[in-house]
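2 protein chains.
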Amino acid sequence: MKIALAQINVIIGDFEYNLKKMKAFIEQAKAQNADMIIFPELATTGYPPRDFLEFKDFISKAESLIENLKSHSKEIAIVLGTPTVNPVIEGKDLYNSVVFLYEGKEIYRQHKTLLPTYDIFDEARYFEEASTWDIVEFKGKKIALSICEDLWNLGNENPLYTINPMDEMMKKHPDFIINVSASPFDYNHARERIKVLKENVKAYQMPIFYVNHVGAQTDIIFDGGSLVLDNKGNVLKELPYFEEKLEIIELEKTFNQNPENQQDKNKIKLIHDALIIGIKDYFDKIGFKTAILGLSGGLDSAVTTVLAVKALGKDNVRVLLMPSQFSSEHSIKDAVDLAKNLGIRYDIVPIKSIFDEYLKTLNPLFEGKKFDVTEENIQARTRGNLLMAISNKFGNILLNTTNKSEMAVGYGTLYGDLSGGLSVIGDVYKTEVYELADYINKDKEIIPIHTIIKPPSAELRPDQKDTDSLPDYPLLDPILKLYIEGRKGPDEIIQNGYDEKLVNRILKMVNRNEFKRHQTAPVLRVSPKAFGMGRRMPIVAKYLE
Amino acid sequence: MKIALAQINVIIGDFEYNLKKMKAFIEQAKAQNADMIIFPELATTGYPPRDFLEFKDFISKAESLIENLKSHSKEIAIVLGTPTVNPVIEGKDLYNSVVFLYEGKEIYRQHKTLLPTYDIFDEARYFEEASTWDIVEFKGKKIALSICEDLWNLGNENPLYTINPMDEMMKKHPDFIINVSASPFDYNHARERIKVLKENVKAYQMPIFYVNHVGAQTDIIFDGGSLVLDNKGNVLKELPYFEEKLEIIELEKTFNQNPENQQDKNKIKLIHDALIIGIKDYFDKIGFKTAILGLSGGLDSAVTTVLAVKALGKDNVRVLLMPSQFSSEHSIKDAVDLAKNLGIRYDIVPIKSIFDEYLKTLNPLFEGKKFDVTEENIQARTRGNLLMAISNKFGNILLNTTNKSEMAVGYGTLYGDLSGGLSVIGDVYKTEVYELADYINKDKEIIPIHTIIKPPSAELRPDQKDTDSLPDYPLLDPILKLYIEGRKGPDEIIQNGYDEKLVNRILKMVNRNEFKRHQTAPVLRVSPKAFGMGRRMPIVAKYLE
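Going down the list, the sequences are from chains C and A. The opening residue of the first sequence carries number 1253 in the working numbering; numbering runs sequentially from there. The opening residue of the second sequence carries number 1253 in the working numbering; numbering runs sequentially from there.
Isolated chain C (complex conformation) (with noise of 0.2 Å):
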């Protein structure tokens, strides 16, 4: 039996591109004799739709997609997930389900039994969880249909579900695997994914084709990554990362075992990579052609700079140095470089006669007042307003340079630096950052030398540094992996052996700058734990302040 794997970049809500998508795609799978295709998870509608499922026109228009999919099902099976509609009253309206199409009809549902509801995970919102199980028989094979999550309760220390699908659908005797998914990037997560295979092959003793999304969702990036495991949980074969793929595999060689598989999981690469799509994917997704970034010379704004270069192409990339009384020649150089190195559009434009007039306006009402913050937010957001201006006359989207490390704290400003319909390096803390820059200059120098050698500054009071207000990035940066990422106290984060005084300022910084964070663009997520709707946290609220 030849499966066909189905790692597709679909639109949300865009039933039509979907649709055509997927006919090309059953169009080479059975030019290829291939007898079964998979697509992913929620491959009707694109994930996460959230609460556009809410919308009983939306479940319609993937209920026509899937009618539509029959016609196409005569001589090759269709399998793919889609929502559909909940016929009881009681509990919710939907099911996260994965449909089996064949000879023109659908011959097996199966719903979704664990339902994600945790980071970026709002499924229990929307879907009714599966109480029924069964397998589909085809071709004298039995298959167990299984919907990501469903097989993700396996080898945890601390499992989040109380029971395991698989342990009902085994009465049936199943032959193989089939796991639609939906699963996002992060630096860890194609690791994570082989581990839990693997856990599901040692408990179930069975091949696992497993098909994933790939392309960005706004913030949300699919690596792709699917994988065909053997009976013996060695990796068979893994699709590649960030493109999509048709790829056939012959069920029978899933039964011999296999030489291990792998693509290259460099966490920086990985990383650089996601990147890259995922400006891409906004810009493709919405229409879009052509960025605009204020370019300081500085490291933050290089390297977002380099990835929109490579995601949007040259000609598509436009920035602006806007210099001040307080940018040092260096900077204007610096940037200069840059461009000259990309060969990009660059227009220099100078804030101070701007600068000037915002002082002279308000100087009546500053009562005398000495040169705080103030000053330093007017000159960033005169900068944000340039920038947009730039934007809303040519159409181009305005990309955020701000990192993780940044965010987290709140060193920057709100309609100023923090602008943008995207933030680029927003989940790349500081010390990534210059990770990713030498991996940029890995072959020739493209960011200059002296943006990554010099010590970093915001440039808008007369020799500013960051360390000014923040201590030096390489002690900060572990100190918020452990608050962020890993969940920690303040006790435990001291027990790291961290100064305590420290440890709750920059606590506190995190806290008291959620009203920012709240109000800045989406944030590409590379992380175990991004910014964003993976971080649910009150803006108003005491807790280590």
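Watch out, some of these pointers could steer you wrong.
Repeated chains share a single entry, so a pair holds when one copy, or any two copies, can fit it.
Stated by the list, open to error - For lysine-lysine, the following PhoX-like pairs were computed, each having C-alpha atoms within a straight-line distance of at most 25 Å:
id, residue 1, residue 2
1, K1621, K1254
2, K1760, K1308
3, K1272, K1505
4, K1275, K1794
5, K1753, K1308
6, K1760, K1541
7, K1781, K1768
8, K1592, K1489
9, K1694, K1519
10, K1604, K1645
11, K1694, K1394
In short, the hints are calculated from the structure, not lab data.
Using the hints provided, position chain A relative to the given structure of chain C.
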């Protein structure tokens, strides 16, 4: 038996403050010889604590608070909600529990069964549901302890859950029901709450003591309105809305047939009062005293300013009038009149010179392109920048004045008039803002009548009117409401008698502007479906676009 209902306003994560508050209420109740005092759901942590629940340190602080309360329970039973740790490794780590403290000990603990996971609620994200049920005996009475949603699966056409925990508890023959709640305000909610409790009395034939939170937690406002229903389902007592209150009720009274005793439920009055406590608590709980806002002479900023003055006092609100060359003479007069009526400080800060300086700076980059939305946005953003400058210099919070109709269709400038720390009327449609203005003016003309009767305009280009780009609000608002509150698809809305082209245009505007709403301030929630955490939409999507 004397039962005290403690309708309290706590601060999320401020365990010290919350304990002090509870102790004060306990002392009062003791002084009045109460046998028992009831606090709301998750009274220790405040509601919603969101992902703070994932921090062990946070949970152990809630546990310490309970330990401390036990010593106060020697002569009075204390009933309250708190998160508790799930002792079993399988399933979520926490329960949402109600604990019954007496004679210095925890006598009983009941976990919540029905975990709301819709709109603003995320309880399945954190909590395991109850699987055992019992009653607690106290002074010869058997009491069924329930938590908020536990009673809400009755009397619905479309029940969200497949069980009712009260059905289980009935096996133990309780005498009455206690319900500790965190049931947020919307303008329909008090009515629904009473309807649901009456359904429960009808089903279970016993009195109910229902205790709710009061006060705002960022965007979510609790109205209080705690209730005692007698065993015939009559409202023996409904506590006031939007204020803290200790009320003592004799249990024996609830076994007589009492006359109905309800609070005023006028929709506009409720919204008015809710917004005031929403502003007040936002400032009080983060420790700010003063607000700033831009006063345009239009209706939205006028209504917002009045509400701010009512919440914070006239000495704590200041406004900027920021006319441009496109502002009409009457706008300035209307704004000045309002400021004078309210007795608040106003400053007139013309933006022309800054605007001109922007244009001068940008002119070489604009390549001779015509005046368009870019120049409109520059004005709005200059105003935003001026307001934020005063806010930064003097420690005011900028209040946002955008209404729900504008938020919905994206009629507003990101980083301009969409700026602000808190959106006051972002959940109030324009047609309702008119009603609020009439309500404010019911006894005397506070808002100048000319502000109310003139056609709405952003005044960003010559002779601009809102109706240049939008349908009249009395036509727009009902369509928005069908889509946003009603979650109707285009066909269903058109079947309500609206023009197809218009409907499609409006829904497209709503969906296309999700990116703006993603970056705006928290919106005080007064309707059953507000923008914010309760409405989760993809940003990059193609549904109805």
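Tested hints:
Taking the shortest alpha-carbon separations for K1621 and K1254, neither the intra-copy value of 76 Å nor the inter-copy value of 58 Å comes in at or below 25 Å. Proximity of K1760 and K1308 under a CA criterion of 25 Å is satisfied inter-copy only: 17 Å between copies versus 44 Å inside one chain copy. In the homo-oligomer, the alpha carbons of K1272 and K1505 never lie at most 25 Å apart, since the shortest distance is 31 Å inside one protomer and 68 Å across protomers. For the homomeric pair K1275 and K1794, the shortest alpha-carbon distance between copies (19 Å) is at most 25 Å, but the shortest distance inside one copy (53 Å) is not.
Taking identical chains as interchangeable, the C-alpha atoms of K1753 and K1308 lie at most 25 Å apart only when they sit on different chains, with a minimum of 20 Å there against 53 Å within one chain. For the homomeric pair K1760 and K1541, the shortest alpha-carbon distance between copies (21 Å) is at most 25 Å, but the shortest distance inside one copy (40 Å) is not. In the homo-oligomer, the alpha carbons of K1781 and K1768 lie at most 25 Å apart both inside one protomer (18 Å) and across protomers (24 Å), since each shortest distance falls under that limit. Taking CA atoms no more than 25 Å apart as the test, K1592 paired with K1489 passes in neither setting, with 42 Å inside one copy and 75 Å between copies.
Only within a single protomer do K1694 and K1519 lie at most 25 Å apart by alpha-carbon distance; the minimum there is 15 Å, versus 64 Å between protomers. Taking the closest pair of Cα atoms, K1604 and K1645 come within 25 Å of each other both inside a single copy (22 Å) and across two copies (20 Å). Within a single copy, K1694 and K1394 get their C-alpha atoms no closer than 50 Å, and across copies no closer than 73 Å, so neither meets the 25 Å cut-off.
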